[in-house]
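Whenever a hint applies, use it, and build me the whole structure from the sequences.
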Amino acid sequence: MNAIEIRKQAVSGDISLKDMLDKIYSDIKTRDREINAFITLTEESAYLQAAALKKKIENKEAKGKLFGVPVAVKDNMCLRGVRTTCGSKILENYIAPYDAAVIEKLKKEDAIIVGKTNMDEFAMGSSTETSHFGITRNPRDLSRIPGGSSGGSAAAIAAGFVPVALGSDTGGSIRQPASLCGVYGLKPTYGLVSRYGLIAFASSLDQIGPFTSNTEDMALVLEAIAGYDNRDSTSCPGSIPEYSKMSDLDPGLTVGIPKEYFIDGMDKEVEDRIREVIERLKSSGVKIKEISLPHTKYAVSVYYIIAPSEASANLARYDGVKYGFRAGITDKTETADLLDVYKKTRTIGFGDEVKRRIMIGTYALSAGYYDAYYRKAQKVRTLIKRDFDNAFRECQIILTPTTPETAFRFGEKTGDPLKMYLSDVFTISCNLAGIPGLSMPVGNDQKGLPVGMQLLAPHFKEQELLSFAHYIEKTLDYEL
Amino acid sequence: MRITAEDILKIASLARLELTPEEVEKMLKDMESILGYIGQLNELNTEDIAPTAHSQELKNVMREDLVSPFSGREEIMKNAPEEEDGYFRVKRVVD
Chain A
52 MNAIEIRKQA
62 VSGDISLKDM
72 LDKIYSDIKT
82 RDREINAFIT
92 LTEESAYLQA
102 AALKKKIENK
112 EAKGKLFGVP
122 VAVKDNMCLR
132 GVRTTCGSKI
142 LENYIAPYDA
152 AVIEKLKKED
162 AIIVGKTNMD
172 EFAMGSSTET
182 SHFGITRNPR
192 DLSRIPGGSS
202 GGSAAAIAAG
212 FVPVALGSDT
222 GGSIRQPASL
232 CGVYGLKPTY
242 GLVSRYGLIA
252 FASSLDQIGP
262 FTSNTEDMAL
272 VLEAIAGYDN
282 RDSTSCPGSI
292 PEYSKMSDLD
302 PGLTVGIPKE
312 YFIDGMDKEV
322 EDRIREVIER
332 LKSSGVKIKE
342 ISLPHTKYAV
352 SVYYIIAPSE
362 ASANLARYDG
372 VKYGFRAGIT
382 DKTETADLLD
392 VYKKTRTIGF
402 GDEVKRRIMI
412 GTYALSAGYY
422 DAYYRKAQKV
432 RTLIKRDFDN
442 AFRECQIILT
452 PTTPETAFRF
462 GEKTGDPLKM
472 YLSDVFTISC
482 NLAGIPGLSM
492 PVGNDQKGLP
502 VGMQLLAPHF
512 KEQELLSFAH
522 YIEKTLDYEL
Chain B
10 MRITAEDILK
20 IASLARLELT
30 PEEVEKMLKD
40 MESILGYIGQ
50 LNELNTEDIA
60 PTAHSQELKN
70 VMREDLVSPF
80 SGREEIMKNA
90 PEEEDGYFRV
100 KRVVD
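Quick mapping for you: the protein sequence lines, in order, are chains A and B. Quick note on numbering: the first sequence equals residues 52 to 531 in the working numbering. Quick note on numbering: the second sequence equals residues 10 to 104 in the working numbering.
Since the hints were made in silico from the structure, they are not lab data. Don't take each hint at face value.
Here are the simulated lysine-lysine pairs, BS3-like style, with alpha carbons at most 25 Å apart [what the hints assert, rightly or not]:
#1 A:Lys319 to B:Lys35
#2 A:Lys430 to B:Lys35
#3 A:Lys111 to A:Lys158
#4 A:Lys59 to A:Lys111
#5 A:Lys470 to B:Lys87
#6 A:Lys59 to A:Lys525
#7 B:Lys87 to A:Lys296
#8 B:Lys68 to A:Lys140
#9 A:Lys158 to A:Lys105
#10 A:Lys470 to B:Lys35
#11 A:Lys464 to A:Lys140
#12 A:Lys116 to A:Lys512
#13 A:Lys348 to B:Lys87
#14 A:Lys106 to A:Lys74
#15 A:Lys296 to A:Lys525
#16 A:Lys69 to A:Lys105
#17 A:Lys159 to A:Lys116
#18 B:Lys68 to A:Lys436
#19 B:Lys68 to A:Lys512
#20 A:Lys383 to B:Lys100
#21 A:Lys383 to B:Lys87
#22 B:Lys35 to A:Lys464
#23 B:Lys68 to A:Lys464
#24 A:Lys140 to A:Lys105
#25 A:Lys310 to A:Lys348
#26 A:Lys373 to B:Lys38
#27 A:Lys464 to A:Lys498
#28 A:Lys373 to B:Lys100
#29 A:Lys373 to A:Lys310
Far from chain B, by Cβ distances over 10 Å, these chain A residues were calculated [to be verified]:
#30 Val62
#31 Glu85
#32 Leu92
#33 Ile146
#34 Gly242
#35 Ser255
#36 Asp301
#37 Lys340
#38 Leu390
#39 Thr433
#40 Gln497
Ideal Cβ placement from N, Cα and C applies to all residues, glycine included.
Structure, rendered in structure tokens:
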């Protein structure tokens with residue numbers, strides 16, 4: 052059942068929320084052993100919430116937008132009183148003392164938080180292979196990755212554990228796993244959803260967004276979590292549109308296809324699928340135009356300077372002093388002095404990919420290199436943003452593949468970090484420009500693996516984005 | 010700007026990380042590869058381009074300097090690896 056359906060039946064009392072949770076947890080405890088989408092299950096609070104919601108029905112109280120809807124949350128968002136790990140050993144015992152803004156909003160809208168999902172450590176990765184809590188398997192093919200870093204959340208939807216999950220997207224970490232798992236994922240405009248309580252990776256890029264199995268649920272969840280928050284200094288003021296009110300296809304719509312997003316080395320089946328969608332849109336009367344985003348090929352380089360640089364600053368706080376793992380307390384590590392505590396805590400607490408990115412970031416920001424790397428990357432970031440500003444004068448939506456290939460096998464890219472980074476090529480520019488991006492499933496390849504298509508729109512045009520995705524979903528009606 | 014093993018050790022020290030000799034080798038190889046790729050940015054002339062710090066036009070977002078009551082101290086201290094009399098206990102800071 053999707054979220055809208057669940058809400059309807061929960062409100063009318065046609066389903067018992069307790070029974071729903073019994074089924075969900077029984078399902079997770081059987082099938083999630085192999086998939087490993089969840090790090091922590093929040094059963095006690097979920098059942099308490101279900102009981103509280105039952106009282107609301109009895110007392111005929113107002114019911115929130117997500118009344119009774121079970122939601123899974125990526126483990127980098129603080130849920131008060133619950134372990135929040137970021138997929139890392141360094142936070143394996145950290146109990147969040149507060150709720151993230153999005154969690155407050157989910158609770159306010161009467162959602163039921165079912166558990167915290169697995170992720171690449173500190174959101175650094177594209178395959179959920181770097182989590183301290185083990186890999187997550189793609190429910191569509193258990194020998195393959197679900198994508199990352201929000202692999203657990205994407206898998207939770209694809210496996211049918213829950214109808215809604217939250218993830219975070221810094222370089223594609225919602226859209227890429229959505230694509231590889233065959234579900235819907237949205238990265239909203241930077242500043243639309245509060246980052247308060249989202250454990251920071253790269254502050255100028257991070258955004259929280261929903262995973263769902265259809266566009267109507269996605270619009271509803273976005274309504275629930277979007278909005279200005281004065282505790283996030285990058286949160287944008289402004290009223291939230293009624294995203295659930297999907298508009299019909301705009302007859303004046305022009306969809307832009309950037310030629311730089313069809314590259315050598317990309318999977319031919321992925322390319323064919325996307326071109327097929329474009330043809331079908333053409334025949335149903337949508338205006339299609341070829342456009343150019345000339346600085347696309349520099350996006351990965353820009354990202355892999357900016358993100359690690361910001362990460363090296365954001366992860367400096369993990370020193371074992373106030374929370375999390377501290378070397379020598381529960382383990383037998385000898386620590387000579389305070390500096391040694393810092394070094395050993397971080398060396399033992401962080402995984403290899405996190406260390407690699409901290410090193411790159413520290414190098415790029417260090418004296419003598421700041422201008423050559425970080426400042427240079429920021430300037431090219433301006434050029435990439437300009438590409439989109441120019442493109443959106445010729446079209447209202449940009450359509451691209453989400454990933455150059457379908458889900459790869461475990462271990463295929465872990466030997467060469469650069470190879471892993473290059474798989475983010477289609478998703479990264481969107482974060483650099485801060486524009487919203489959505490990935491939707493558009494069928495499967497010959498191996499039965501999902502192919503994802505990406506739609507991009509100008510800042511704060513989520514309504515247009517969702518409406519067009521909805522049009523494609525209903526009209527083209529892909530078998531998934 | 011070729012990166013050396015000495016650079017790796019210097020950066021690791023700044024980042025408060027310890028690497029074994031094998032890890033230094035691997036890190037050197039990985040960073041050479043990544044920095045080599047990133048060098049493509051030098052193809053672009055960005056002399057007259059302003060840097061973008063983040064994508065929205067927000068500047069100097071401040072709040073009023075007002076004190077408000079905070080009741081979460083106990084919950085925060087629960088996460089302390091070592092605690093004494095309400096303080097975070099650490100190794101000697103000053104000799």
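Evaluation of the provided hints:
For the given pair, Lys319 (chain A) sits about 34 Å from Lys35 (chain B) by alpha-carbon distance, which is inconsistent with the 25 Å threshold. Between Lys430 (chain A) and Lys35 (chain B) the alpha-carbon distance is near 30 Å, which puts this suggested pair outside the 25 Å criterion. Distance hint between Lys111 (chain A) and Lys158 (chain A) is fulfilled; the C-alpha atoms sit about 18 Å from each other, no more than 25 Å. In summary, the hint linking Lys59 (chain A) to Lys111 (chain A) is supported, as the alpha carbons are separated by about 15 Å, within the 25 Å threshold.
With a C-alpha separation of about 42 Å, the suggested pairing of Lys470 (chain A) with Lys87 (chain B) is violated against the 25 Å cut-off. Distance hint between Lys59 (chain A) and Lys525 (chain A) is fulfilled; the C-alpha atoms sit about 21 Å from each other, no more than 25 Å. For the hint linking Lys87 (chain B) to Lys296 (chain A), the alpha-carbon distance of about 45 Å lies beyond 25 Å, and the restraint is violated. About 36 Å separates the Cα atoms of Lys68 (chain B) and Lys140 (chain A), which puts this hinted pair outside 25 Å; it is violated.
Distance restraint check for Lys158 (chain A) and Lys105 (chain A): the Cα-Cα separation of roughly 15 Å lies within the 25 Å cut-off, and the hinted pair is therefore satisfied. Between Lys470 (chain A) and Lys35 (chain B) the CA atoms are separated by roughly 16 Å; this keeps the pair inside 25 Å, and the hint holds. Between Lys464 (chain A) and Lys140 (chain A), the direct Cα distance comes to roughly 23 Å. Compliance with the 25 Å bound is thereby established for this hinted pair. Taking the CA atoms of Lys116 (chain A) and Lys512 (chain A), the gap is about 21 Å. The hint holds against a cut of 25 Å.
Pair hint Lys348 (chain A) plus Lys87 (chain B) does not hold up; C-alpha atoms about 47 Å apart against a cutoff of 25 Å. For the proposed pair Lys106 (chain A) and Lys74 (chain A), the alpha carbon gap of about 21 Å is at most 25 Å, so the pair holds. Between Lys296 (chain A) and Lys525 (chain A), the direct Cα distance comes to roughly 15 Å. Compliance with the 25 Å bound is thereby established for this hinted pair. For the hint pairing Lys69 (chain A) with Lys105 (chain A), the CA-to-CA distance comes to about 9 Å; that is within 25 Å, so the pair holds.
Proposed proximity of Lys159 (chain A) and Lys116 (chain A) is supported: the alpha carbons are some 9 Å apart, at most 25 Å. Between the alpha carbons of Lys68 (chain B) and Lys436 (chain A) the distance comes to roughly 18 Å, so the proposed pair stays at or under 25 Å and holds. The suggested pairing of Lys68 (chain B) with Lys512 (chain A) holds, with an alpha-carbon distance near 22 Å, which does not exceed 25 Å. Of the supplied pair hints, the one linking Lys383 (chain A) and Lys100 (chain B) holds, its CA atoms being roughly 16 Å apart against a limit of 25 Å.
In summary, the hint linking Lys383 (chain A) to Lys87 (chain B) is supported, as the alpha carbons are separated by about 22 Å, within the 25 Å threshold. In summary, the hint linking Lys35 (chain B) to Lys464 (chain A) is supported, as the alpha carbons are separated by about 16 Å, within the 25 Å threshold. As the CA atoms of Lys68 (chain B) and Lys464 (chain A) are separated by approximately 40 Å, the hinted pair breaks the 25 Å bound. Straight-line distance between C-alpha atoms of Lys140 (chain A) and Lys105 (chain A) comes to about 38 Å, which puts the hinted pair past the 25 Å bound.
For the proposed pair Lys310 (chain A) and Lys348 (chain A), the alpha carbon gap of about 12 Å is at most 25 Å, so the pair holds. This hinted pair does not check out: Lys373 (chain A) and Lys38 (chain B) have alpha carbons roughly 34 Å apart, beyond 25 Å. At most 25 Å may separate the alpha-carbon atoms for a hinted pair to count; Lys464 (chain A) and Lys498 (chain A) meet this at roughly 19 Å. Simply put, Lys373 (chain A) and Lys100 (chain B) have alpha-carbon atoms about 13 Å apart, close enough for the 25 Å limit, and the pair holds.
Proposed proximity of Lys373 (chain A) and Lys310 (chain A) is contradicted: the alpha carbons are some 50 Å apart, above 25 Å. At roughly 34 Å from the closest C-beta of chain B, the C-beta of Val62 (chain A) stays outside 10 Å, upholding its exclusion from the interface. Annotated as non-interface, Glu85 (chain A) keeps its C-beta farther than 10 Å from every C-beta of chain B; the closest such distance is 31 Å. At the 10 Å boundary, the C-beta of Leu92 (chain A) stays outside the reach of chain B, the nearest C-beta of that chain being 21 Å off.
The non-interface label for Ile146 (chain A) is inconsistent with chain B: the shortest C-beta to C-beta separation is roughly 6 Å, within 10 Å. Not every CB of chain B lies more than 10 Å from the CB of Gly242 (chain A), the least distance being 5 Å, so the non-interface label is violated. Here Ser255 (chain A) does not stay apart from chain B, with its beta-carbon only about 4 Å from theirs, under the 10 Å limit. For Asp301 (chain A), the requirement that its beta carbon stay farther than 10 Å from each beta carbon of chain B is met, with the minimum near 25 Å.
With a cut of 10 Å on Cβ distances, Lys340 (chain A) stays outside the contact zone with chain B, its closest approach being about 24 Å. With a cut of 10 Å on Cβ distances, Leu390 (chain A) falls inside the contact zone with chain B, its closest approach being about 8 Å. Interface exclusion of Thr433 (chain A) from chain B breaks down, the closest Cβ pair being 4 Å apart, not more than 10 Å. Every CB of chain B is more than 10 Å from the CB of Gln497 (chain A) (nearest about 32 Å), matching its label as outside the interface.
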